[in-house]
Amino acid sequence: MSESSTVQAMPGRQPQMQDKGLFTSPDVQREERKEHLTMVLLLTPALLMVAVLLLLPMFWLGLQSIQGEDGFSLANYTRIFTEAIYWDTFGTTLQISLIVTVLSILLGFPIAYAAARTSGLISSLILLCVILPFWTSVLVRSYAWLVLLQRRGVVNQTLIDLGIISRPLELVHNATGTVIGTLHVMLPFMVLPLYSVMKKIPNDLLLASDSLGAKPFYTFRRVFLPMAAPGVMAGSILVFVICLGFFITPELLGGGRTVLVSMLVQRNVELYHAWGAASAVGLVLLAVVFLIFWAVNKVIPIERVLGVR
Amino acid sequence: MNVLRSLKPSRILFAALVALILAYLVIPVLIVIPMSFSEARFLQFPPKAYSLRWYEAFFSSIEWMSATKVSFIVAVATTVISLPIGIAAAYAINNSTLKIMRTLQLVLLLPMMVPIILIAAGVFFVYARVGMISTLLGLVFAHIMLALPYVIIAVLAGLRNFDMTQEMVARSLGMNRFRAFMAVTLPQIKPSVVSAALFAFITSLDETVVALFISGGSNETITKRMFTALRDEIDPTIAAISTMLVAITLLMVMIAGRGGNKQA
Numbered sequence: 445m446s447e448s449s450t451v452q453a454m455p456g457r458q459p460q461m462q463d464k465g466l467f468t469s470p471d472v473q474r475e476e477r478k479e480h481l482t483m484v485l486l487l488t489p490a491l492l493m494v495a496v497l498l499l500l501p502m503f504w505l506g507l508q509s510i511q512g513e514d515g516f517s518l519a520n521y522t523r524i525f526t527e528a529i530y531w532d533t534f535g536t537t538l539q540i541s542l543i544v545t546v547l548s549i550l551l552g553f554p555i556a557y558a559a560a561r562t563s564g565l566i567s568s569l570i571l572l573c574v575i576l577p578f579w580t581s582v583l584v585r586s587y588a589w590l591v592l593l594q595r596r597g598v599v600n601q602t603l604i605d606l607g608i609i610s611r612p613l614e615l616v617h618n619a620t621g622t623v624i625g626t627l628h629v630m631l632p633f634m635v636l637p638l639y640s641v642m643k644k645i646p647n648d649l650l651l652a653s654d655s656l657g658a659k660p661f662y663t664f665r666r667v668f669l670p671m672a673a674p675g676v677m678a679g680s681i682l683v684f685v686i687c688l689g690f691f692i693t694p695e696l697l698g699g700g701r702t703v704l705v706s707m708l709v710q711r712n713v714e715l716y717h718a719w720g721a722a723s724a725v726g727l728v729l730l731a732v733v734f735l736i737f738w739a740v741n742k743v744i745p746i747e748r749v750l751g752v753r
Numbered sequence: 266m267n268v269l270r271s272l273k274p275s276r277i278l279f280a281a282l283v284a285l286i287l288a289y290l291v292i293p294v295l296i297v298i299p300m301s302f303s304e305a306r307f308l309q310f311p312p313k314a315y316s317l318r319w320y321e322a323f324f325s326s327i328e329w330m331s332a333t334k335v336s337f338i339v340a341v342a343t344t345v346i347s348l349p350i351g352i353a354a355a356y357a358i359n360n361s362t363l364k365i366m367r368t369l370q371l372v373l374l375l376p377m378m379v380p381i382i383l384i385a386a387g388v389f390f391v392y393a394r395v396g397m398i399s400t401l402l403g404l405v406f407a408h409i410m411l412a413l414p415y416v417i418i419a420v421l422a423g424l425r426n427f428d429m430t431q432e433m434v435a436r437s438l439g440m441n442r443f444r445a446f447m448a449v450t451l452p453q454i455k456p457s458v459v460s461a462a463l464f465a466f467i468t469s470l471d472e473t474v475v476a477l478f479i480s481g482g483s484n485e486t487i488t489k490r491m492f493t494a495l496r497d498e499i500d501p502t503i504a505a506i507s508t509m510l511v512a513i514t515l516l517m518v519m520i521a522g523r524g525g526n527k528q529a
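If you read the protein sequences in the order shown, they are chains A and B.
Counting in my numbering, the first sequence runs from 445 upward without gaps.
Counting in my numbering, the second sequence runs from 266 upward without gaps.
It is possible that part of the hints are untrue.
Below, computed lysine to aspartate or glutamate pairings styled on DMTMM-like, alpha-carbon distance capped at 20 angstroms [claimed, not checked]: (1) B/Lys273 - A/Asp654; (2) B/Lys334 - B/Glu321; (3) B/Lys364 - A/Glu476; (4) B/Lys313 - A/Asp605; (5) B/Lys364 - A/Glu479.
Hints are computed from structural coordinates only; laboratory data are not their basis.
Bear in mind that the values here come from a model prediction, so they are computed numbers and not experimental data.
Bound-form chain A, shown alone:
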């Protein structure tokens, strides 16, 4: 459970490689160069996969996006800001991502808290309830929500039987369905980092606050909450960023009425073969995502957010 990043962890392990002042004989230098070469070679296959299948295509998409009918053109980008359908789609995407992120904090905090502050069977059971959906295919879950939320689905039927509503609610193929289904997918991404942060908060601190006369809520607000904050932050970033580019659940539960950026990319490619438009939209999305990662990196190392400890 080392807290330090790779770069920091290294010097302690191989001090003889670090201090160049002491070992400058040609033999040692040759050994060092050989060592570096070995490491780079070991990394090469993985880097090659990412370079050929991710970096190269992104570069190509970039070229496509600035390719007009006759040479260089920024029309694909200006269109995003001038045409309502593009602009609205980005707006809807941000709005839904924000709603889902806030809801996942509200729903995720209590379960992470309950799992972290209990032990044994109850704690394991709570975690199982989070991990089981987390590992279950998004398609399976979207299917289940379609069945649950449809006009004559279980949710509507139950509400009618209980006399809460008189006619079925429109719960699916709109923004409501998108939020319910997306939140279900995102909630574990909030709970798991939150849980691992909360688990590390020492009970002694809370007892100390207690013994000094603080009321439980005061202890929670002034001791527990500040220490859990990095977990909330990591979880929120993860949820928000995944939401921005999420495709499957919004496509199935939004039913084409709630159009998100990801669908705009997919439609431009598959239906209209409009590579320029698709690339520009996708790259703006990418820029937003990287801007967020860059800003977050100032506060928490991005590796921590992604789960590399």
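Dock chain B against the given chain A, drawing on the hints supplied.
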């Protein structure tokens, strides 16, 4: 400080709230099970009569069987190939003192950071040019790239808790580096390698968006078929497939233990 044990009204209320949220999480996963045994053609819950007709429909359909086979072949190939590549990369990240390592590590994590829809469009673009659309090889390559970050993260977690001097001792006693790694290091980081393999397998088996773009014809994956079926007309066969997938998931969760998850 046990939240659930003492019986103050506020705590009971809190426990009820937690139970409600957990129900929201679990019900959609479990509801597919009774639905898959329904007799009815149309979606209904709870089912009025039970039957195995949707399982029969699945196992007797040439298309579904072929898609299942494709998905499993691709997932196994992805796991087998991404494991050595990912272990080598994690080893290098853990051991190298090169300053550029943090940057390279971030590059290797890019498949987790770039929105999947953009990755799919990019891979489609490349494959269209080199004629690899609708090929098994193309699917496997794309899935390896997507699985690598998870493999690297899992193996790295194991290596961080392993004392590398042990491997150095083996090397100083005359083993070459590869043999020392295989004989000393690998057996001790086995649990993280097993979870890395699980992540790779699940990542591939579960992957839908890239498959949607680049798989097709006789090499269509089960996820693409399911997605198309869900979008066009909901066929209860999906419930049978879902139930089997949930069973596999449960099995995996039990193998990985309760600590095994992708992010935390």
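Structure-based check of all given hints:
1. Taking the CA atoms of lysine 273 of chain B and aspartate 654 of chain A, the gap is near 18 angstroms; set against the 20 angstroms cutoff, the hint holds.
2. For the hint pairing lysine 334 of chain B with glutamate 321 of chain B, the CA-to-CA distance comes to about 17 angstroms; that is within 20 angstroms, so the pair holds.
3. Simply put, lysine 364 of chain B and glutamate 476 of chain A have alpha-carbon atoms about 14 angstroms apart, close enough for the 20 angstroms limit, and the pair holds.
4. Our distance criterion of 20 angstroms between C-alpha atoms is met by lysine 313 of chain B and aspartate 605 of chain A, whose separation comes to about 18 angstroms.
5. Under the criterion of a C-alpha separation no larger than 20 angstroms, the hint pairing lysine 364 of chain B with glutamate 479 of chain A is consistent with the structure, at around 14 angstroms.
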